[in-house]
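Asks: Chain by chain, the residues run as shown.
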Amino acid sequence: MSLFTDPRWGEALGHLPDYLGNHVRVSLAALALGLAVSLPLAILTRNRPAPRGILLAFASIVQTVPGLALLALFYPLLLLAASVTLAWFGVSFSAFGFLPAMLALALYSMLPVLRNGITGLNGIDPALIEAAKGVGMTARQSLLIVELPLALPVMMAGIRTAAVWVIGTATLSTPIGQTSLGNYIFAGLQTQNWVFVLFGCLASALLALAVDQLLGLIENGLRHRSRLRSGLGAIGIAALVAATLVPTMGRSSSGYVVGAKTFAEQYVLSALMRDRLQAAGLSATARSGLGSSVIFQALKAGDIDLYVDYSGTLWANQLHRTDIKPRAELVAELKTALAKDNITLLGELGFENAYALVMPRRRAEALGIRTIADLSGHASTLSIAGDYEFFSRPEWAALQKAYGLPFRAQRQMQPDFMYAAVASGEVDVIAGYTSDGLIAKYDLVTLDDPRHAIPPYDAILLLAPKRAGDERLKAALQPLLGKIDIAIMREANLRASGNDANSSPDAVARWLWEQIARR
Amino acid sequence: MPSKLAISYQEVTKRFGFLAAVDDVSLDIAEGEFLAIVGGSGSGKTTLLRLTNRLIEADGGTVMVEGEDVRSVDPVALRRRIGYVFQSGGLFPHLSVADNIGITPKLLGEPAVAIAGRIDELLELVQLDGASHRDRLPEALSGGQRQRVGVARALAAKPRIVLMDEPFGALDPLTRDALGEDYRALHRKLGLTTVMITHDMTEAILLADRIAVMRGGRLLAQGTPAELSSSSDDYVLELLSTPRRQVGRLNALLPQSGAA
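In order, the protein sequence lines correspond to chains C and D. Heads up: the first sequence begins at 1 in the numbering used here, then just goes up one per residue. Heads up: the second sequence begins at 1001 in the numbering used here, then just goes up one per residue.
Some clues are possibly wrong.
If you want the footprint, here are the derived chain D segments under chain C, 3+ residues with CB under 8 Å [stated by the list, open to error]:
hint, stretch
1, 1085–1093
2, 1099–1109
Here are some of the chain D residues that sit facing chain C, going by a computed Cβ distance under 8 Å [unchecked claim]:
hint, residue
3, L1055
4, V1076
5, R1079
6, R1080
7, R1153
None of these hints come from the bench; they were simulated from the model. Here a beta-carbon is modelled for each residue, glycine too, at the ideal position from N, C-alpha and C.
With the sequences and hints as input, model every part of the structure.
Replies: If you want it as structure tokens, here you go:
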């Protein structure tokens, strides 16, 4: 199948009104807020070196924070703020999605606007400012008639830079729950759907270019006092906003929101659940690519209605427990604990997606390694790779405590690349996931854990507090409980990691449902 | 001495840090008079001029404009009724010739039709062709044309007083001469009071009724060229001797029946 006849282009195009609309909305809101704050600050501090220095230093520091981290930081910050406003004023707001993304992006847009604004205003010939005063202008008139128009080209260059940055960085707002063109990129990266990745990159680049050109047209018009050109630019921006907002406004926002974390299994399961709800006549959408800590808070706050988590994850991250219990006992205890927050643990899906230390079968046999205990003797000559959170998780501490494991080197990797890396010998051992289809594909083995250092990770279905008594929802999901075993999930994950039309989460979800229904 | 004073500086002092840029200067300028203030750089002549319309504020003494202490007048209103010609034109580069000229009447809220008529009148007055110059930006003008626009702008709100800060300093000699003569004619025709800063004594003698000489912030002498030549101050005499010497040498070098 050629690249251009690939049906995934069509699928990607289908998401465009939703993704692009949300992307434009959050970018423009952020830019507008950023300008509303930065431009007056630039004007106020133009003749005051001390506050100007502090302001520029602050904006520069913000700029050095990686975009993803800045976006991620705003989520807990707003959660805190929301709990404060709830306690003091009895009103709360959603710390999920739009608001944190917009605030972080607005902060991100400040540096170029501030710096160019101040540079532009300070770069004006002092003789002209004196001339403005001399012909009888007030300070305000001097600013409006002389200084701002003369600084305009430099200021607009800053605004254009900010616009391009914001539109590009907005793709990173997906993990905090803001739908954006980043949904293509995150989903594509996780499910190895390069068509999606490419589509997302192209769409955001084109959007950035279009906005930059339109702003350029406005600037050109203002500079040459051409109402036609600045008018056309403004109409262009307005048309872009209207075109991207109209399709999303008509859609009802009511209905169930199915959450998914940022890996292929989650995309497949959320698509499966969405299909089940729709089959039961309930309207449902999937909100994919949410960060691991964001998603639980989003459920608790009711921003999403349901998702699949893993018992061991919640055990460690939400209950802060370090002890380990057998599978059934742990789920039962978790259920009681979550019920206190009104979160319903509907049940287990049937498989476990636990962390496991994974090696190529041949290598393990050659070294005589079957269990993690066997591994500890060889660890000092071997290297290990894990996902971004593994080495800071309690499981890793527990493994080290139980087995020692002084590895020669530790690396963090994108989960999808870990398996290929260990298969090719790039690293010796990885902390993989038991349900991953690539374990079979690359002929890898999971090492036994005789001292039970790693807690169980049963896939469990969680419902938001507001859905606690929703019997239609529960009935629609009932057929999934206990029906997905490790073999079938591994195969589904393997299919999802393929790179063809049948590997999209939607297609794999349909395949998975066929397997479940057959039983 | 004429009876009414347009401008009167009384024991005026202005310091920048420890430096007294203007040091206890007293000087009267009568209505209708053309006064040139002559001095080298750092003599305080530009500072004195800027004190007149409160572009800067005096530290001591009193500046009176048309009988009023400038401290009691709103500075913005004061500046709008005093014309000011800046050193290198000071034209706003993003505004057309017409918009530059019409700026002060516009600030005063005069109707657009009246301003347009006034702009045509002023362009004619400073001898620029309206049709071809109105809509140009300052960058498209020669140095002399720019300074003519600067003069037109200063006259736009029909001031009775015009302050000029080395207005013709950066021009070539021919343009400078022509512009000086043209302005002198305007001064007379419109009955203006003009204070012009220059470092060129020849220009001062040729254009002004009276000359004030400044050095190191102090006023050394004032009077008509004839009165100045009887001064006892060495610096004043030296300033006056330069044009004389030049005339002597020019007469010796140029044939008497020359074009000029």
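Asks: Taking the earlier hints as the rules, which of them does this structure contradict?
Replies: none
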